[in-house]
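Below are the chains, spelled out letter by letter.
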Amino acid sequence: MSKTVTRTRLAAVAAAATLVALAGCSSSAPSDKASAASCTPAKGKVTLQYWNTVPGMDKVVDLWNKKNPDIQVQTKNISNDQYGTLGNALKAGKAPDLAQVGYDELPALRTQNAFVDASACSAATAAKSKFVPWTWSQTSFGGTGVFALPQDTGPMALYVRSDIFKKYDIAIPTTWDEYAAAAQKLHKADPSLDITFFDPNNAEWFNGLLWQNSAQMYSYSGDKWHVTVASDQSKQVADYWQKLIAGKLVRTDLANGSTQMYAAYQKDQIASYVGAAWGYSMFRDNLPKQSGKWSIVPMPTWGANGSSGDWGGSTVAFMKGSTHLYESVKFNTWLNSDPEALALENQLGGLYPAADAGLKLPALSKGVPYYNNEKVFDVFADSSRKIDTNFAWGPTQKTVNLALQDAMAKAAAGDGTLTDALSAAQAAALKSMKAQAIPATAGK
Amino acid sequence: MTDIAPRAVTSGGRRRPGGGGPRAGTVIAFLTPFFLPFVLFYLVPVGYALWQSFRVVRRTGGQYGTSYTTFGGFDQYTQVFQNSEFWNSIGRIGLFGIVQVPVMLFVALVMALLLDTPLLKLKAFFRITAFMPYAVPGVIAAIMWSYLYSPQLSPVVDLFQRIGLHPDFLGPGAVLWSAANVSTWLWTGYNMLIMYSALQSIPQELYEAAKIDGATNWTIAWRIKVPIIAPSIVLTTVFSIIGTLQLYAEPAVLRQISSNISSTFTPNMLAYAVASGNNYQQAAAISVVIAVITFVLSFGFMRLTSKKAGL
Numbered sequence: 001m002s003k004t005v006t007r008t009r010l011a012a013v014a015a016a017a018t019l020v021a022l023a024g025c026s027s028s029a030p031s032d033k034a035s036a037a038s039c040t041p042a043k044g045k046v047t048l049q050y051w052n053t054v055p056g057m058d059k060v061v062d063l064w065n066k067k068n069p070d071i072q073v074q075t076k077n078i079s080n081d082q083y084g085t086l087g088n089a090l091k092a093g094k095a096p097d098l099a100q101v102g103y104d105e106l107p108a109l110r111t112q113n114a115f116v117d118a119s120a121c122s123a124a125t126a127a128k129s130k131f132v133p134w135t136w137s138q139t140s141f142g143g144t145g146v147f148a149l150p151q152d153t154g155p156m157a158l159y160v161r162s163d164i165f166k167k168y169d170i171a172i173p174t175t176w177d178e179y180a181a182a183a184q185k186l187h188k189a190d191p192s193l194d195i196t197f198f199d200p201n202n203a204e205w206f207n208g209l210l211w212q213n214s215a216q217m218y219s220y221s222g223d224k225w226h227v228t229v230a231s232d233q234s235k236q237v238a239d240y241w242q243k244l245i246a247g248k249l250v251r252t253d254l255a256n257g258s259t260q261m262y263a264a265y266q267k268d269q270i271a272s273y274v275g276a277a278w279g280y281s282m283f284r285d286n287l288p289k290q291s292g293k294w295s296i297v298p299m300p301t302w303g304a305n306g307s308s309g310d311w312g313g314s315t316v317a318f319m320k321g322s323t324h325l326y327e328s329v330k331f332n333t334w335l336n337s338d339p340e341a342l343a344l345e346n347q348l349g350g351l352y353p354a355a356d357a358g359l360k361l362p363a364l365s366k367g368v369p370y371y372n373n374e375k376v377f378d379v380f381a382d383s384s385r386k387i388d389t390n391f392a393w394g395p396t397q398k399t400v401n402l403a404l405q406d407a408m409a410k411a412a413a414g415d416g417t418l419t420d421a422l423s424a425a426q427a428a429a430l431k432s433m434k435a436q437a438i439p440a441t442a443g444k
Numbered sequence: 001m002t003d004i005a006p007r008a009v010t011s012g013g014r015r016r017p018g019g020g021g022p023r024a025g026t027v028i029a030f031l032t033p034f035f036l037p038f039v040l041f042y043l044v045p046v047g048y049a050l051w052q053s054f055r056v057v058r059r060t061g062g063q064y065g066t067s068y069t070t071f072g073g074f075d076q077y078t079q080v081f082q083n084s085e086f087w088n089s090i091g092r093i094g095l096f097g098i099v100q101v102p103v104m105l106f107v108a109l110v111m112a113l114l115l116d117t118p119l120l121k122l123k124a125f126f127r128i129t130a131f132m133p134y135a136v137p138g139v140i141a142a143i144m145w146s147y148l149y150s151p152q153l154s155p156v157v158d159l160f161q162r163i164g165l166h167p168d169f170l171g172p173g174a175v176l177w178s179a180a181n182v183s184t185w186l187w188t189g190y191n192m193l194i195m196y197s198a199l200q201s202i203p204q205e206l207y208e209a210a211k212i213d214g215a216t217n218w219t220i221a222w223r224i225k226v227p228i229i230a231p232s233i234v235l236t237t238v239f240s241i242i243g244t245l246q247l248y249a250e251p252a253v254l255r256q257i258s259s260n261i262s263s264t265f266t267p268n269m270l271a272y273a274v275a276s277g278n279n280y281q282q283a284a285a286i287s288v289v290i291a292v293i294t295f296v297l298s299f300g301f302m303r304l305t306s307k308k309a310g311l
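Those protein sequence lines, which keep their order, are chains A and B. Position one of the first sequence corresponds to residue 1 (the UniProt record's numbering), numbered consecutively onward. Position one of the second sequence corresponds to residue 1 (the UniProt record's numbering), numbered consecutively onward.
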């Protein structure tokens, strides 16, 4: 046989293999079949899969496994590429029973049909009373379903260098107006000192600020999404920070959590930090020399609106395809509301609990030495209860966040304003929803 | 790197006359280890991307209903061509390539020629030193450089500040060139080595003849060495064009510390950002367009230079 023939045949085999592979990838025909979840306990031993991103979670699960020989849980840490791993598993039909999902990614994953509604289990609906109100409205999408149970939260507060404020005789600000005035005073007293930094590449943080001002970025009614990312409330926040940036009263060259950021704090160049509950250990561990100099006070408010914002936190979602809903609910409820589990998660993973019972943990009721033995968790608990329950994330949040960041970075570099950035985010939201055939319209 | 001396190896086409060629089984046995991964990890993904790029997402049962994909013609491609971010990213790396590639290859050529002169001592040392950055993974190199660029941590910036200068390596105008610098640092030694290997294969008699004719070292370098190694210079240029169009690691790492690198800074970063937003069809179309542009530019360059370079 000549070489050419063989080569042709091999090429044909290759082409055929490609076609077979492509056929295997083709999407299934659309079906409207709603997966009616049933909540019957399994007979005999059950093994659940739980994918998460929390350090030390395997130890918490060990505790459960010891107590529950009939419901064994296996964990897998997917912090390397959380949503990539989940998305691929969903496409392959190999999703776990339970998975860690951030609040802001819940609508996106639900749009991809990732969840099962656990409200068929009475234990799931009954869990509502165990959690801080805003977290439940996120996991139920403001309705009656139960798609996830809240795990941890990031209620926001203001970290302040009380020594610096005292040195320049400036009162700790309680409103954003006072904060802006303090920014001016600090900068005047020492030109190399700024009140804080604005990280243009941190949409999650900025969203927390918008949330605080009751900005409704999305709502769902009449079978479609109403996109109001660039609302008046959002613009008020954008204008405020735009003025601080334009007046060179805040730094814009630092990324949150970066070595550079800590270096700036270390050199006493920045006097405060608008942060979340989980940040308390960041400062303690990265700036040990500033022990005793930091205080945590409530986030500055927008005048009469005394509400607070959330930055981060996540849920444990009931994933589609799970055949053990009853057991999943049982484990999930224990994991996120049992004081023993919450204490361990707080100790090992630094989680700030979403469960009301968690806010009263002994570890969270004590004074923290780094913060002058102040009971800083009282501030966060108070903040958590003041978070707007009507806030909703969009189904293409990741894309919107990227667009917002890109435009905020331009604004920080003097090209456009933060209000322009909101418009860019609004446009990106509508465009990305259209690309995914999600019905959406601009405005209320 | 077998392409370096193409004329030396491409003579194996002739076979024994008459029957008795290799049996099909043998051929398959030898080729399978190559073909199987090639099909599975190259042809299939490329085919899948191509197929995806012609699909659009549709949905039944409202927002939380079921989504599916259907044939969308050139819909995704129309969106790519209408996407100003895409063209901005192409323009950005176009500028990057026009400046960075010639600078890098010129430096590589000069270094290769220097290594090839009999005047230089400690050749092995210089060769290894110049090549060493290539052994550093691109991401690590970018992290390393990001410390040198950072105004908070960099000793370099610190030195500049002591003499009253305030360079901002991460500023809106400078950051592209800071990324270019990392690429240059990483790849100059690699390109130098390809050119140096080509120089090594030039027979010494040519130089002796040239010297007898009165050529200086300078003339030998520019009139004899450079024209002879032109094929390797073309090759390194093509590699560099491909590398530029696929630029990802350096800017993606610098993005961690500079907001002046957007999520759509390079075409590959744009494709990644779009894919992470679950829009795989659009990401596939972007990738196909990048691939086509890469093919056109590299083969176009090869055609343009093939006569001169004697390829």
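Hint data in this document are derived by calculation from the structure and do not stem from the laboratory. Bear in mind that the values here come from a model prediction, so they are computed numbers and not experimental data. Errors might be hidden in some of the hints.
Unchecked claim - Quick list of simulated restraints, FRET-style, between CB atoms:
#1 D168/B with Q266/A: 52 to 62 Å
#2 V99/B with N286/A: 32 to 42 Å
#3 V107/B with N373/A: 51 to 61 Å
#4 S281/A with T32/B: 48 to 58 Å
#5 M302/B with K444/A: 53 to 63 Å
#6 K267/A with V99/B: 30 to 40 Å
#7 Q266/A with T219/B: 34 to 44 Å
#8 D285/A with V292/B: 26 to 36 Å
#9 S281/A with M302/B: 53 to 63 Å
The beta-carbon is built from N, C-alpha and C at its ideal position, and this holds for glycine as well.
Unsatisfied constraints (hint numbers, rising): 1, 7 and 8
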